Amino acid sequence: MEIYFDHASTTYVDERVKEAMDKYFSDEYGNPGSFNTVGLRAKNAMDESREKISKILNCTPQEVIFTGSGTESINLAIKGFAKANKNKGNHIITQKTEHEAVLETCNYLEKEEGFKVTYLDVDEYGLIIPDELEKAITNETILVSIMYANNEIGTVQNIKEISEICRKHKVKFHTDACQAAGYLDIDVQNLGIDLMSINGSKLYGPKGIGLLYARRGIMLKPIIHGGGQEFGLRSGTENVPYIVGMAKALEIAQREKDAEVTRLTNLRDYLINNIIDNIPKTFLNGHPSNRLPNNVNITFLDVEGEAIMLMMNEYGICASSGSACTSKSLDPSHVILGIGLPYEAAHGSIRFTLGKRTTKEGIDKLLNVLPGIIEYLRQASPVNLSLKDVGK
Amino acid sequence: MNSADVKSYDNTKSWFYTDTVKDHFFNPRNLVKKDDEINVKDYNGVGIVGAAQCGDMMKIWIKVDNNERIKELKWQTFGCASAIASTSMLSVIATENDGMKIEDALKIKPHDIVARLNGLPTRKFHCSVLGDKALRAAINDYFRRTGQNDRIIVEGERIIDKVLKITDKDIEEAVLDGADTFEKVQQRTKIGVQDKTCIPEVEQLIRFYKEKYFG
Chain A
196 MEIYFDHAST
206 TYVDERVKEA
216 MDKYFSDEYG
226 NPGSFNTVGL
236 RAKNAMDESR
246 EKISKILNCT
256 PQEVIFTGSG
266 TESINLAIKG
276 FAKANKNKGN
286 HIITQKTEHE
296 AVLETCNYLE
306 KEEGFKVTYL
316 DVDEYGLIIP
326 DELEKAITNE
336 TILVSIMYAN
346 NEIGTVQNIK
356 EISEICRKHK
366 VKFHTDACQA
376 AGYLDIDVQN
386 LGIDLMSING
396 SKLYGPKGIG
406 LLYARRGIML
416 KPIIHGGGQE
426 FGLRSGTENV
436 PYIVGMAKAL
446 EIAQREKDAE
456 VTRLTNLRDY
466 LINNIIDNIP
476 KTFLNGHPSN
486 RLPNNVNITF
496 LDVEGEAIML
506 MMNEYGICAS
516 SGSACTSKSL
526 DPSHVILGIG
536 LPYEAAHGSI
546 RFTLGKRTTK
556 EGIDKLLNVL
566 PGIIEYLRQA
576 SPVNLSLKDV
586 GK
Chain B
95 MNSADVKSYD
105 NTKSWFYTDT
115 VKDHFFNPRN
125 LVKKDDEINV
135 KDYNGVGIVG
145 AAQCGDMMKI
155 WIKVDNNERI
165 KELKWQTFGC
175 ASAIASTSML
185 SVIATENDGM
195 KIEDALKIKP
205 HDIVARLNGL
215 PTRKFHCSVL
225 GDKALRAAIN
235 DYFRRTGQND
245 RIIVEGERII
255 DKVLKITDKD
265 IEEAVLDGAD
275 TFEKVQQRTK
285 IGVQDKTCIP
295 EVEQLIRFYK
305 EKYFG
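If you're matching them up, the sequences are chains A and B in order. Quick note on numbering: my numbering labels position 125 of the first sequence as 320, and the sequence is numbered without any gaps. Quick note on numbering: my numbering labels position 115 of the second sequence as 209, and the sequence is numbered without any gaps.
Simulated from the structure, these hints should not be mistaken for laboratory data. This one's a predicted model, so the numbers in the text were calculated from it and none came from an experiment. Be a bit skeptical, because a hint or two may be false.
Looking from chain A toward chain B, a few residues come up when the C-beta cut is under 7 angstroms (computed) [as the list claims (entries may be wrong)]:
hint, residue
1, Glu499
2, Glu501
3, Ala502
4, Leu505
5, Tyr538
6, Glu539
7, His542
8, Gln574
9, Ala575
10, Ser576
11, Pro577
12, Val578
Idealized CB from N, CA, C, for every residue including glycine.
Using the sequences provided together with the hints, build the complete structure.
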């Protein structure tokens, strides 16, 4: 059995979530849009789920739109908003270290729809500089999209500060909260958010379900057309079992959040400190404290990330890497480069993301094999950098 | 045959290595460890190619005997699993059967290394290219040390796109990375975006490199 340190990629489905969903495959299989009792029962299940989620988000049920993934939610938020509001302006602001779902959507709007996009730089920890956001806002700016917590380096943005700037300048604010929803505050009133994307597959819920919170009064245009489900914003028969699963997953995550955040933060810091203390020429990427409780991202000098991953895989340890060899381009991760690491250091970055099944024993097993793997690959490498060489 | 799966951050890409690649990655042949004392006097040619910034770097030491056979090839590689495995396989190819004659070693093509590894994913092809380049650099060094300067082979680069200063080497790399049409090479290198006069030559070079490496 592998030891899984890739929870930011996806999570297993919680048994309680699976149980809650089960009934809605073959027993309560109705189409919520059907005018009959079978359909009505499905509609009730869906409405209850929406209601439950709206309470967690502190919004109304009409502000919760179910989609097929986090990526789809982001597409609907950015593309749907841009298209519905282009008479107000053609400028969007985001940051360089966003997930591809945001970057590629913005890229599309630039290329195909005539929008202008500003990609803000981040500091060495991956935080945007609020002054720079404020300076970037023009009369043409309609939307700011800044992620809540980064998927690669775990840095948590100061969402309230960003939303206040947006409010002040009457610009709408979307946040990709896919990595954050399981661990952080997602009260949209408290945070002052207009649009927020969440998905099920990072929350111990099923894959293939996401949601978009869209504040009342926010104009969106659908990107999927058809029968007009989800308030006309996302056509297609509603995925009732997954909607039930999403609601259950979010409910469990928020209910158990405090204890799990404490447990994971302790394990995270134990892992970080042990790696840094026991393996020379390593350092942490991302913010040391404004950080997801489950994210560890480390650069190992003189070695290449994919080689480390393959070696770890041989010991049954699953992680992921920001090296060029694991991306479609020849460049290492845009996030690692975005926080200012030189290329030679960026190739050796590894992400370990913890979760419900992570135990201290599992981390100790990782800590047992990791120094040997790094030493082995360093012995085979002609590169011999120092921390000073890469500005650390 | 195919086993180890390597994943990327976002789970969208994965690829497979052959058992031979894995074997050479986990049990590299002729590797010289950083801590091992290597007596440089025992070797009469050294070659280095690549850079850590690019994600791949190799260093090769060769010992050539009086009959111009490569008796030993030692190496170190910074790079992914296929870069490490392909350098290891190169060291086997160059030294097996009493050692390869230099004139034959100069003819080793990336394709030969990949074939002996039972294949590499197309997008990993560029890793193995470094091995043959490093070996040629080491052989050139041997020529230099033995006063045979006339035999040194200069691998010159030629600028094709005059505006962006993109060379034939850049096109070669792009083709090796799987860019098999002009559009794909352009996407990767931006060649011909401004200097449109070079396009016919670029297309010709793409055909040439495709023929050379992929037959």
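List, from low to high, the hint numbers that the structure doesn't satisfy. none
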